[in-house]
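S.K.: Please work from the sequences and hints to get the whole structure.
So the protein sequences, as listed, match chains A and B. In terms of this note's numbering, the first sequence opens at residue 6 and continues consecutively. In terms of this note's numbering, the second sequence opens at residue 6 and continues consecutively.
Keep in mind the hints are simulated off the structure, nothing from the lab. Do not rely on the hints blindly, as some may be mistaken.
Said to hold, decoys possible - With a Cα cut of at most 16 Å, we get these calculated EDC-like pairs of lysine to aspartate or glutamate: (1) A/Lys-87 <-> B/Asp-228; (2) A/Lys-92 <-> A/Asp-176; (3) B/Lys-87 <-> A/Glu-211.
Protein chains: 2
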Amino acid sequence: MGHATTDFPHQETIRFTSQDRDGLYKTIFNRRDVRGQFRPDSIPDEVLSRVLYAAHHAPSVGFMQPWDFMLIRDAGVRQQVKGLFDKAHDEAAEMFPEEKQDTYRSLKLEGILESPLNICITCDRSRTGPTVIGRTHIPEMDVYSSVCAVQNLWLAARAEGLGIGWVSIMDPEKLQDVLGIPRDIVPVAYLCIGYVDHFYKRPELESAGWLPRAPLESLLHFDQWGNRDTEGQESITEAIASQADFPHQSF
Amino acid sequence: MGHATTDFPHQETIRFTSQDRDGLYKTIFNRRDVRGQFRPDSIPDEVLSRVLYAAHHAPSVGFMQPWDFMLIRDAGVRQQVKGLFDKAHDEAAEMFPEEKQDTYRSLKLEGILESPLNICITCDRSRTGPTVIGRTHIPEMDVYSSVCAVQNLWLAARAEGLGIGWVSIMDPEKLQDVLGIPRDIVPVAYLCIGYVDHFYKRPELESAGWLPRAPLESLLHFDQWGNRDTEGQESITEAIASQADFPHQSF
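M.R.: Quick look at the structure:
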């Protein structure tokens, strides 16, 4: 997405303070996937505009901005989406080992009807024409751009005190039918958004003992996949270990 | 990813101030895709740890945390990656209409060798076993999780004064070969990261007149795809129009 010329206006005057960074990190480390604590209060337009602008300023391959934002408030439409979830949720339960099925069924995994607003973020793969800078060798880049918009929206929502839950347990083609989305537009994310009674301190699946948080240092590789040899890399490994509680200690 | 029980610790004491929100929005609206202004200065370990922690705290489907982080400093490895880019870049130029090929070739699209560090973020689709909560009906959800980690890392980097450029013009299988990544691990994003001389005020492709920023209100649909009827939705449309310069006025 770059350009060889360098005569564009710079941002030179923009400096980030430690307060700015704290605001960002606080948001990142306290963002949660919310399903169960939605309040019915509507979201003020100014607040909703800000989180949508945040989404719209995600990076996009070749600046194609392939996203659209469907705002879904209609109770009948949401009831239909909830029906898609219910069906898929039943199907999903059967896919787990028998001893896990009861636990799976007890999980609260969506807030489609309780939240005051649902948002579907899509990807229009033909926007700006067939050849896109940066998408020539990795065709999924456009969908990845829409995912970046999802994450921007999620973070902005958290900082505004809004919870978001991403509902992925449904048949995407049936969702297209319910929302009237053409077959060639990808429904990337179906989100429930609203104010919440509270946020959990940690991800619910972590608190529930379903899976632990992986130690960050176990996810590092140096120059080649599988190279965990820290020779010459001790310092970054130590820095990570010494900040192991960084996300939770700071706020 | 939720759970029916509600006896997990809450975040009740965490309040977001307007300063916190400003820090987040400032980061979101000033993040750029950087290719040409890298300085060779190395990144302090504490700073690099923080941006990696931010990535590691992205949302992930079923809390599978499918990402790995490959830190690539070796000049020989990076030279090989640059070779993959050069080849793909030549192939890509041929795909554009003839009148656009010269412009395309003049674009600076990567900083693989100039930046002090490259990071490859991957997705291990088999992590935590074959059946993952939330991935049963949309198998791409795991890759989307890794993309969320990319976006978290990108924002944290910006707030730390670091530029990031996402290099997507290369053959992913050849990248797997160069980095020793197994075939079943998806190399989601190849990133160049480092301090920069300056950031541009707007995306380079926007400044260069390649494509304009789409008006946000043109991307909204109400309840059904293509429903632009703002009856009953005037207020959100007006709020968005009145904040059209929000991202640029605020900072």
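S.K.: Against the structure, test the hints numbered earlier, and report the numbers of the ones violated in rising order.
M.R.: 3
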